[in-house]
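S.K.: Here is how the chains run, residue by residue.
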Amino acid sequence: MKSYLDMKGCDVAWCPGCGNYNILKILKEALYDLKIKPENLVLTSGIGQAAKAPQYLKCNYFNGLHGRALSPATGIKAVNPKLTVVVTSGDGDVYGEGGNHFIHTVRRNPNITNLVHNNMIYGLTKGQASPTSLVGMKTPVQVSGVSEEPFNPLAVAIALDCSFVARINSGDIKQSKEIIKKALKHKGYALIDIFQPCPVFNKLNSFEWFKKNSYYLKGHDVTNKEKAFKKALEVGKYPLGIFYVNKKKKTFEENMGCTSEFYKKKLNVNKLKKVINSIV
Amino acid sequence: MKKKVLDDVSIVLAGAAGQGIQTIQHLLTHILKLKGYHVFAMKEVMSRVRGGVNSTEIRICSDRTSAYVDRMDLFLPLNPEALKRYSYRVNEHTLVLDEKKVPMSSIAKELGSDIYKNIVAVGFILGLFHIDINFVLRYVKKHFSDKPKYIKNNLLAVKKGYHIGKLYAHKLIINVKKDKKVVKELYLDGSEAVALGAIAGGCNFISSYPMSPSTGVLVAMAKHSKNFDILVEQVEDEIAAINMSLGAWYGGARGIITTSGGGFDLMTEGLSLSGMIENPLVVHIAQRSGPATGLPTRTEQGDLDLAIYAGHGEFPRIVLAPGDAEEAFYLTQRAMNLADKYQVPVLILTDQFLVDSFYNVPSLNPTKIKNKHYFVKTLKDYNRYKLTSSGISPRGLPGFGSGLVCVDSDEHDESGHITENHLVRNKMVEKRLKKLELIKNEIEPELIGNKNYKTLVVSWGSTKGVVEEALGNKKGVSFLHFKQVYPLHNKTLSYLKRAKKIVVIENNATGQFAKLLKREFGVKCESVLKYSGLPFSVEELNEKLS
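Protein sequence lines correspond, in order, to chains A and B. For what it's worth, my numbering labels the leading residue of the first sequence as 94, then goes sequentially. For what it's worth, my numbering labels the leading residue of the second sequence as 365, then goes sequentially.
Chain A extracted, bound-state conformation (with noise of 0.2 Å):
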């Protein structure tokens, strides 16, 4: 499909067979379906090679530094509420440095949607364990295989209540649209883990494994927070889908009273000259 997100003429540095590649054309479909245009989408994302994405879609974007992804898109989203901002990282970037980040984005909620590409691995510095590796798993530097368990994304955002929590796995396009859709349309923070597979350094977690080893929830009440906890415990078989939404949460804007764009605000001189004046 052809589309005003396209970026002509990109030279993308991802491998042949990466999962990246089905995410970007999701978010760029439900982008689209959405009508949203590039001058009013913002992505922000770390470093690593989901966070590469940005360069590949026609938008705004603040391609920062590694795991600190969700602190401009915070800032961002803040200082120009009207602004759409999707924060597009891998595992690495949002639970391993950004890890802190990440919990205090859940308890602040800012009003953007957050894509984890979590391929269980670390690419870009060529096939050490993420945090998200199974225990196990041998790397050049887990060399007895990781010993960890895997940190679970999505229990801790439930834990403390993230205002919509899902789990999709990029190799089913269609269902993961919807699901980008609805966290796009949510107002409040909204977390998505994405399985995807990396080729190349990451031989277990395939396309077919994560389609074997994962499920699709159905008729679960994702206002249940207690229930939606148990289904994020669940391994071995992968629930999928939307976990939990909690839409009572205010979002971090409507805390700071953030309305309209910041660059429009000018300073009352006046009342500045009074309350200084006042200090004697």
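One or more hints might be untrue.
Claimed, not checked - Which stretches of chain A does chain B cover? Using the computed rule of at least three CB atoms under 8 Å from a CB of chain B, they are: (1) 148-159; (2) 321-335.
To be verified - List time: in silico DSS-like cross-link candidates among lysine-lysine, alpha-carbon distance up to 30 Å: (3) Lys280/A to Lys267/A; (4) Lys732/B to Lys798/B; (5) Lys340/A to Lys280/A; (6) Lys544/B to Lys359/A; (7) Lys366/A to Lys548/B; (8) Lys305/A to Lys270/A; (9) Lys367/A to Lys798/B; (10) Lys367/A to Lys267/A; (11) Lys323/A to Lys367/A; (12) Lys367/A to Lys506/B; (13) Lys128/A to Lys736/B; (14) Lys274/A to Lys311/A; (15) Lys130/A to Lys516/B; (16) Lys506/B to Lys359/A; (17) Lys506/B to Lys366/A; (18) Lys590/B to Lys359/A; (19) Lys741/B to Lys358/A; (20) Lys542/B to Lys366/A; (21) Lys341/A to Lys590/B; (22) Lys130/A to Lys804/B; (23) Lys542/B to Lys357/A; (24) Lys367/A to Lys888/B; (25) Lys750/B to Lys364/A; (26) Lys175/A to Lys750/B; (27) Lys130/A to Lys323/A; (28) Lys296/A to Lys219/A; (29) Lys741/B to Lys128/A; (30) Lys545/B to Lys357/A; (31) Lys736/B to Lys357/A; (32) Lys505/B to Lys587/B; (33) Lys798/B to Lys364/A; (34) Lys732/B to Lys274/A; (35) Lys734/B to Lys366/A; (36) Lys548/B to Lys364/A.
Please keep in mind that the hints were generated in silico from the structure rather than gathered at the bench. Don't be surprised by glycine CBs; every beta carbon is placed ideally from N, CA and C.
Using the hints provided, position chain B relative to the given structure of chain A.
M.R.: For chain B alone, coordinates are given in the frame of chain A:
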């Protein structure tokens, strides 16, 4: 004690944290200032919430001052530990306010509570100054208006102390000149001055993590946030603070961050990002004694090298260092505009001494410096990093205009997209570094004293006041005060060349600014240094400079 005439009074209050020194300081300094005295107050506290020995040094002078003296004319120790800690400064000229002279405890006891002790002392000192008692009573009443239960006894306490003070006044004659103009002057600390300067510079966003002694600015910004529509966010760590601020500037806000050395350490990667993506950024660093946790509540000028060299890679930046509250206001306002103009990080270096000290300042005028916004409305073909002769590319904002604003921490081309083309790399490095040359024409050092000098005393930041006072009118000696410490102004060398001898005064152990002067200009400098955690006193600097 013999009869004594004082035309410059140094009062030291010392006691445990929680004993009410702040209240005494507040009442004394405000009342004296409102009666036309030049007042300066410096805080020296231990890093604890209760106990220990904290002190406040107050100077009441016939002229404006922003320095303290070792000499203690009046000393009020609120507990035996305080007396012990400061005994080395007590001499035959010191009037120690003890229970023998002023029965503070028994008066307080009569009034029913120990809490009135301090107020008796306040009354005593104001009695020595012959301040109109009705004015004192009105002020004290107003001060305690939120505690109506205690007003009556506070007024009685201050009155009793006042009368004892008046009886004592024939032994200690205070002859400090009053100045009617001072009555209407402002009286504020360095933190408030930085915050008001930021607001004057259009700042509408602050993201910070509390850290002494920088937190005062965060608190002041929060206090003014409703009046001036400022977003105040206490973030999870300093890394979030800087990255959020970068996002806010990118989105069209004007942000500031306040921190101290250790917090700034955590920000250095973000600082480098600001340099790479040419995103404006303003960070206020209130220096304290390092390294590591150091002396968390004491002063030092030890982070100049950190400010100048922090962050990996090569990129331009601006480092400003105000000398007092007035300069803190104007330089912070200027910082907001310079960051926007050059699209570089601007660091404001203050220190514990400056942010915690109270100054009387003639006025602060937010329209003296013109605020200017430098962002542009974008067109379809907009390129964020367009190559220009100045190195400055017009800065667009996302959602303002039809263009796209793409910024990338990777090396990028004019459109902001990743590149590994070495020719583009060269052009981008040169473009960024060109800006440094322009900044060398911004804020000149200030020469205080005669244009013809043999010895040039040089300092930067908060040592300004004490250097000025210690030098007085020494013959053949002039003082060069730096407010922009990096990059050094183009005119710097012409000042240095005219001197036979250059003496650099710094509140650190390694002479960081002297080394910078040597490195940049190859000049020989002598250093006068202090790194105990305290600022220079007038007497010690006087001695070192003679």
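S.K.: Does Lys357/A lie within 30 Å of Lys736/B when you go C-alpha to C-alpha?
M.R.: With a Cα-Cα distance of about 13 Å, the restraint between Lys736/B and Lys357/A holds, given a limit of 30 Å.
S.K.: Between Lys341/A and Lys590/B, is the straight-line Cα distance small enough, at 30 Å or below?
M.R.: Since the Cα atoms of Lys341/A and Lys590/B sit roughly 25 Å apart, the hinted pair holds (cutoff 30 Å).
S.K.: Run the distance test for Lys280/A versus Lys267/A: straight-line Cα separation, threshold 30 Å.
M.R.: 23 Å, holds
S.K.: Between Lys130/A and Lys516/B, does the CA-CA distance stay at or below 30 Å?
M.R.: 68 Å, violated
S.K.: Is Lys545/B close enough to Lys357/A, meaning Cα to Cα at most 30 Å?
M.R.: Violated - the C-alpha atoms of Lys357/A and Lys545/B are around 39 Å apart, more than 30 Å.
S.K.: Quickly compare the C-alpha distance for Lys741/B and Lys128/A to 30 Å and report which way the hint goes.
M.R.: With a Cα-Cα distance of about 23 Å, the restraint between Lys741/B and Lys128/A holds, given a limit of 30 Å.
S.K.: Within 30 Å, alpha carbon to alpha carbon, are Lys732/B and Lys798/B?
M.R.: 29 Å, holds
S.K.: With a cut-off of 30 Å on the C-alpha distance, tell me whether Lys542/B and Lys366/A pass.
M.R.: 26 Å, holds
S.K.: Does Lys367/A pair with Lys888/B here, judged by a C-alpha cut-off of 30 Å?
M.R.: Violated, because 48 Å separates the two Cα atoms, which is more than 30 Å.
S.K.: Against the 30 Å threshold, does the CA-CA distance of Lys506/B and Lys359/A hold or violate the hint?
M.R.: 35 Å, violated
S.K.: Is Lys590/B within 30 Å of Lys359/A, Cα to Cα?
M.R.: 14 Å, holds
S.K.: Is the straight-line distance between the alpha-carbon of Lys505/B and that of Lys587/B 30 Å or less?
M.R.: Measuring from Cα to Cα gives roughly 24 Å; hence the hint holds.
When held up to the earlier numbered hints, the structure conflicts with 2, 6, 9, 10, 11, 13, 15, 16, 22, 23, 24, 25, 27, 30, 33 and 34 and fits the remainder.
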